[in-house]
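Visitor: What follows is the residue order along each chain.
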Amino acid sequence: MTEPTGTPTHCPYCSLQCGMVLRPTDDRTDHAGPLAPATPTTPATPLSVEEWPGFPVNRGALCGKGRSAADLLNPAVRLTTPLVRDRPGAPLRPATWNEALDRVAAGVRRIRDGHGAAAVGVFGGGGLTNEKAYLLGKFARVALRTPSIDYNGRFCMSSAATASNRAFGLDRGLPFPLADIAATDCVLLVGSNLADTMPPALRYLTELTGRGGRLIVVDPRRTRTAAQAHLHLQPLPGSDLALALGMLHIAIEGGLVDTEFVARRTTGFEAVRTIAMDHWPTRVERLTGVPVHQLRQAVQTLAAAPAAMVLTARGSEQHSKGTDTVHGWINLCLALGKAGRPRSGYGCLTGQGNGQGGREHGQKADQLPGYRSLTDPAAREHVAHVWGIDPADLPGPGRSAYELLDSAGTPGGVRALLVFGSNPVVSAPRAAHVEERLRALDLLVVSDVVLSETAALADVVLPSAQWAEETGTLTNLEGRVVLRRRAVDPPPQVRTDLQILSALADRLGVHHGFPAEPRAVFEELRRASAGGPADYSGISYERITGEEGVFWPCPGEEHPGTPRLFLDSFATPDGRARMVAVDYRPVAEPPDERYPLYLVTGRVLAHYQSGAQTRRVPALRAAEPGPFVELHPHLADRLGVAEGDQVAVVSRRGRAVAPARLSTAIRSDVVFMPFHWAGPGRANTVTNPALDPLSGMPEFKVCAVRLEPVTARVPDPAHTNVRHIVAHGEAAPHAAAPVISRT
Amino acid sequence: MGRSVGRRVVVVGQGMAGARFARRLAAWAPDVRITVYDTEARPGYNRLLLTGVLAGRHRPEDISPPQVPGIEVRAGVHLVAVNRNTRTVIASDGTAQPYDTLVLATGSSPTHPWRPGRAGDGRPLHTLTDCLRLREDTRRGRTSVVVGGGLLGVETALTLAARGQDVTLVHRGRHLIDRRLDAAAGAMLRAVLRDCGITVRTGASACAPLREPGATGVVLDDSSVVSADTTVIACGVTPRVGLARAAGLAVNKGLIVDDALRSVTDPSVHAIGACAEHRGVVHDTALPAWEQADVLAARLSGRDRGATYRGTRVLTRLAAAPVDLAVFGVSRTDGPTTRGPAAPARPDIDVVCLSDAVRRTYKKVVTRGNRVVGGILLGDLSTVDVVRRAYEEAVPLPQNRVHLVSAAGAAS
Numbered sequence: 000m001t002e003p004t005g006t007p008t009h010c011p012y013c014s015l016q017c018g019m020v021l022r023p024t025d026d027r028t029d030h031a032g033p034l035a036p037a038t039p040t041t042p043a044t045p046l047s048v049e050e051w052p053g054f055p056v057n058r059g060a061l062c063g064k065g066r067s068a069a070d071l072l073n074p075a076v077r078l079t080t081p082l083v084r085d086r087p088g089a090p091l092r093p094a095t096w097n098e099a100l101d102r103v104a105a106g107v108r109r110i111r112d113g114h115g116a117a118a119v120g121v122f123g124g125g126g127l128t129n130e131k132a133y134l135l136g137k138f139a140r141v142a143l144r145t146p147s148i149d150y151n152g153r154f155c156m157s158s159a160a161t162a163s164n165r166a167f168g169l170d171r172g173l174p175f176p177l178a179d180i181a182a183t184d185c186v187l188l189v190g191s192n193l194a195d196t197m198p199p200a201l202r203y204l205t206e207l208t209g210r211g212g213r214l215i216v217v218d219p220r221r222t223r224t225a226a227q228a229h230l231h232l233q234p235l236p237g238s239d240l241a242l243a244l245g246m247l248h249i250a251i252e253g254g255l256v257d258t259e260f261v262a263r264r265t266t267g268f269e270a271v272r273t274i275a276m277d278h279w280p281t282r283v284e285r286l287t288g289v290p291v292h293q294l295r296q297a298v299q300t301l302a303a304a305p306a307a308m309v310l311t312a313r314g315s316e317q318h319s320k321g322t323d324t325v326h327g328w329i330n331l332c333l334a335l336g337k338a339g340r341p342r343s344g345y346g347c348l349t350g351q352g353n354g355q356g357g358r359e360h361g362q363k364a365d366q367l368p369g370y371r372s373l374t375d376p377a378a379r380e381h382v383a384h385v386w387g388i389d390p391a392d393l394p395g396p397g398r399s400a401y402e403l404l405d406s407a408g409t410p411g412g413v414r415a416l417l418v419f420g421s422n423p424v425v426s427a428p429r430a431a432h433v434e435e436r437l438r439a440l441d442l443l444v445v446s447d448v449v450l451s452e453t454a455a456l457a458d459v460v461l462p463s464a465q466w467a468e469e470t471g472t473l474t475n476l477e478g479r480v481v482l483r484r485r486a487v488d489p490p491p492q493v494r495t496d497l498q499i500l501s502a503l504a505d506r507l508g509v510h511h512g513f514p515a516e517p518r519a520v521f522e523e524l525r526r527a528s529a530g531g532p533a534d535y536s537g538i539s540y541e542r543i544t545g546e547e548g549v550f551w552p553c554p555g556e557e558h559p560g561t562p563r564l565f566l567d568s569f570a571t572p573d574g575r576a577r578m579v580a581v582d583y584r585p586v587a588e589p590p591d592e593r594y595p596l597y598l599v600t601g602r603v604l605a606h607y608q609s610g611a612q613t614r615r616v617p618a619l620r621a622a623e624p625g626p627f628v629e630l631h632p633h634l635a636d637r638l639g640v641a642e643g644d645q646v647a648v649v650s651r652r653g654r655a656v657a658p659a660r661l662s663t664a665i666r667s668d669v670v671f672m673p674f675h676w677a678g679p680g681r682a683n684t685v686t687n688p689a690l691d692p693l694s695g696m697p698e699f700k701v702c703a704v705r706l707e708p709v710t711a712r713v714p715d716p717a718h719t720n721v722r723h724i725v726a727h728g729e730a731a732p733h734a735a736a737p738v739i740s741r742t
Numbered sequence: 000m001g002r003s004v005g006r007r008v009v010v011v012g013q014g015m016a017g018a019r020f021a022r023r024l025a026a027w028a029p030d031v032r033i034t035v036y037d038t039e040a041r042p043g044y045n046r047l048l049l050t051g052v053l054a055g056r057h058r059p060e061d062i063s064p065p066q067v068p069g070i071e072v073r074a075g076v077h078l079v080a081v082n083r084n085t086r087t088v089i090a091s092d093g094t095a096q097p098y099d100t101l102v103l104a105t106g107s108s109p110t111h112p113w114r115p116g117r118a119g120d121g122r123p124l125h126t127l128t129d130c131l132r133l134r135e136d137t138r139r140g141r142t143s144v145v146v147g148g149g150l151l152g153v154e155t156a157l158t159l160a161a162r163g164q165d166v167t168l169v170h171r172g173r174h175l176i177d178r179r180l181d182a183a184a185g186a187m188l189r190a191v192l193r194d195c196g197i198t199v200r201t202g203a204s205a206c207a208p209l210r211e212p213g214a215t216g217v218v219l220d221d222s223s224v225v226s227a228d229t230t231v232i233a234c235g236v237t238p239r240v241g242l243a244r245a246a247g248l249a250v251n252k253g254l255i256v257d258d259a260l261r262s263v264t265d266p267s268v269h270a271i272g273a274c275a276e277h278r279g280v281v282h283d284t285a286l287p288a289w290e291q292a293d294v295l296a297a298r299l300s301g302r303d304r305g306a307t308y309r310g311t312r313v314l315t316r317l318a319a320a321p322v323d324l325a326v327f328g329v330s331r332t333d334g335p336t337t338r339g340p341a342a343p344a345r346p347d348i349d350v351v352c353l354s355d356a357v358r359r360t361y362k363k364v365v366t367r368g369n370r371v372v373g374g375i376l377l378g379d380l381s382t383v384d385v386v387r388r389a390y391e392e393a394v395p396l397p398q399n400r401v402h403l404v405s406a407a408g409a410a411s
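Here the protein sequences line up with chains W and V, keeping their order.
So for the first sequence, numbering that gives the first Met the number 0 puts the first residue at 0; every next one is plus one.
So for the second sequence, numbering that gives the first Met the number 0 puts the first residue at 0; every next one is plus one.
In short, the hints are calculated from the structure, not lab data.
Just so you know, even glycine gets a beta-carbon here, dropped at the ideal spot from N, CA and C.
Take the hints with a grain of salt, since some may be wrong.
Reference listing, derived: stretches of chain V covered by chain W, where coverage requires no fewer than 3 residues with Cβ under 8 Å from a Cβ of chain W [to be verified]:
id, region
1, 46-57
2, 383-390
Partner residues aside, some chain W positions facing chain V, computed with beta carbon under 7 Å [said to hold, decoys possible]:
id, residue
3, Thr-273
4, Asp-636
5, Gly-639
Chain W extracted, bound-state conformation:
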């Protein structure tokens, strides 16, 4: 493969971190690759996205989001100057960087003096580079000296992370390269619609089935991914743990447990078996809705495969019992002996672009760089030494993401919040309440590329550079550390997050230790992570470039990195995987007479997370202009709802209104809403903030609702803030979405 000309880099969106090449637009005619941009780029877009066939994760393939990513560079859709609000209720107005940063520093000092350091909070994001995530954690603990830091990754894969750490002693999304999926014999894919959420990964499943491998998909909806499966199990939302326990029961009853593997490489099976015995097939059929013959078929297929993988994603994890549910799947995987050997294992399909690296380097409430624990004295000692501070000055663990947001503006809670690369007004559960809490803050600062719904509430908005404009590493779902490279200069009044943190630390009196250069930050991160579970000490920008990324742990420059984990032993003290005894429990909010339906929230092909970026890309907005409520024709018939009718999804926490989209791909007792939109169609207005006791994950995936037909169009009060400065906002308000007609 020839080395691409242009700038090889990685997509701004999901955890695949697909390779792509950016080339100046006016240059394109000279070097046009085989792939023309799929979307018409505006003249203001300085770069075009082209394929990078040599990068192993996506081998040149890109989805519509990746192909159109250069549209985000259009000055018309992004922030190009700092904004400040002179008083509560006043509109945001342009400001200089000095004014904006001074406002932040003065506000932080005032609140710290008045309410203590813990009253200043930081909220990060899983899209931030490793360098930013690292420096943000350091900024909170060293410059702000606050325990109050967490990030939106808590809403992403925290349940899988918690379970993996407990079971394997280590949390890396996939313990093998993505391409291994094509080479195994059976994949049990739970709660992932990767055909829509990470389309370039679909090829590995297609290759698998093309080779004669089997694909089993577990999803309450018959998604595009489920439609590819040999067997689709369609359980009731929130019943996956019962499903996993029932499958283990069938494996035990059928003599399919790999007793030699269990004895040699695991601990805890006896207690796990006891609970599995309580989940006999006909009981599990009733709990999950999956017929017994399908349960048996799934287990037999999985067990018969010489090698197999169990992969989970948000569908199984975003529950108040998400950690236990992941343990259920890990236990099944271990009992069948499908882990710790080639082409086999449990993996989590991480969601956000740097969902993996973002959880390793210290923006998590309980964590220090290198995936170290903030409560481990040795870890504190090590990191404090790298940071040149006394370990005693390191704050302890803080609140998890939802608890942090919920505390905003309350006695004992945070009074100032600095948000970097996150849009919780759209992405947090019980979002109307979260929005209210953010409005109650004394100081809200948002650093982002676009004027997100959260930025629109801020007192100070800091325009930050984006993916193509800055260099930095990310760690994809495989644990492969990749390097994004600066391909174009940011607009003059835009700064990188590292520059922002450096300047703020300086204003807060910390003049050293906050370099604005990514390479300098990465070098420090290497030292800080050395010896930790996620050891990056042997990884350098040069090695990443030369080796198509480097897999952590990589504890030395001579170390080759670790593409495949656990082949000899697991990362626990005794080297054995721990089977954790978990029992089924019902959803936090079961349906009842007033709220008789289940709501499932999720994603669509054209959009990414809170939609702050993708809703501003014309081609993506055209493909999916607004939210919708997916429901079965039988349910629609019962409610007298026709395709395209506005319907309200109502829970105990609020209502979301969107047009109905009828589909037989969904159970008739379940409705689905994508959560990418703000305003009246904001799905998270409705969702339940019941938290997983171990991971802090909210129950995004299931809550009890009722549907109400809506006749009149609802006005859009949530967007008043945006309209003050519509030039910086979206090109077209999306909220009062027209009725979508679909053929």
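The hints should help you fit chain V onto chain W, whose structure is shown.
Guide: Leaving out everything else, chain V in the frame of chain W:
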């Protein structure tokens, strides 16, 4: 849970209901003293999995959950009396135990068609002891006869056939599981059993054990004989309510309880499982027993003092390969009978039925108005969940009801 400090709860029986209740209560109210009496001198076990033990799918020790701290189990000790005035139970070993709350989970006893006298007269498959002896018997012998063609009889016959036994199933009804199945489903089931090598004799009552030198088996009411090395009795069960009756508690078929699962006679006495009669119904299957156990444990632990049991609409399932069967509610529409519920001839009763003799599938859903009130799914359970939700949750049906019997119909 402060209010429950020092409360003494006595549980009688550690079958499905009693064991589940005790474990839940211990978890939710660690301060409650729980004493469980059980007539069997062995640790509790999951009765539902006995056919799995007989089939060799489960080891006996695997169906017994480990002891839970906080529960005192007095295995092999049965109660001889309840003194409700002093709130004391008297045990077979002569000890007396005071209680604040008494939970009767005595379950049921198998019905015998004759008084068993000697080995070879047949044994039920009701306890783990029964199960282990049957397993031993069928290791020695080659032929078995199962007396009773209800759900348990059919499951037992299938299990024994899978173990290589030459099995005859004798049933006095006109067709198999005639309390629940209509004649067409019964005939289809018979064909499936025949495919498994099981000889089915319906309309024939076994009236006595065969007691001839060197021969065991059963004698039928037409004087014919079925010889078999092993005889299994599967003639149904009756609620075990002797203790309750002797204690002066109101008993009909079972001990009569209200929605709080309290005896209507004495609010300190509760009953759950197959010995309890709730709203005129004795639920003798595992899932209602667990629901009752969970409700009662929630009430008594204080976790949810207002929890009530309002009955269980449940599909009866038999998933013993190659038989896959669900039957529920008003499932028989083939005329009046004295055995089991049959749909009365009413104009608003409608039936969606799909029968395929070649594939041995039979699917029938009975509707009244726009509600599912019963049905049978045999051989193809692909729509079991849709049917179950429609029946259990009484959701109104769409005009077109093909989806109830055909997965392809879901797209309509």
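Visitor: If a hint holds in the structure, say so; if it does not, say that too.
Guide: Consistency of the hints with the structure:
With a cut-off of 8 Å between beta carbons, the region 46-57 of chain V has 5 residues touching chain W; three or more are needed, and the interface restraint holds. For the region 383-390 of chain V, the stated coverage by chain W holds: 5 residues have a C-beta nearer than 8 Å to a C-beta of that chain, and at least 3 were required. Taking 7 Å as the C-beta cut-off, the interface hint given for W/Thr-273 holds, the closest approach to chain V being about 5 Å. Restraint check, W/Asp-636 versus chain V: the minimum CB separation of about 5 Å is within 7 Å; hint holds.
At its closest, the beta carbon of W/Gly-639 sits 12 Å from a beta carbon of chain V; the interface hint therefore is violated under the 7 Å criterion.
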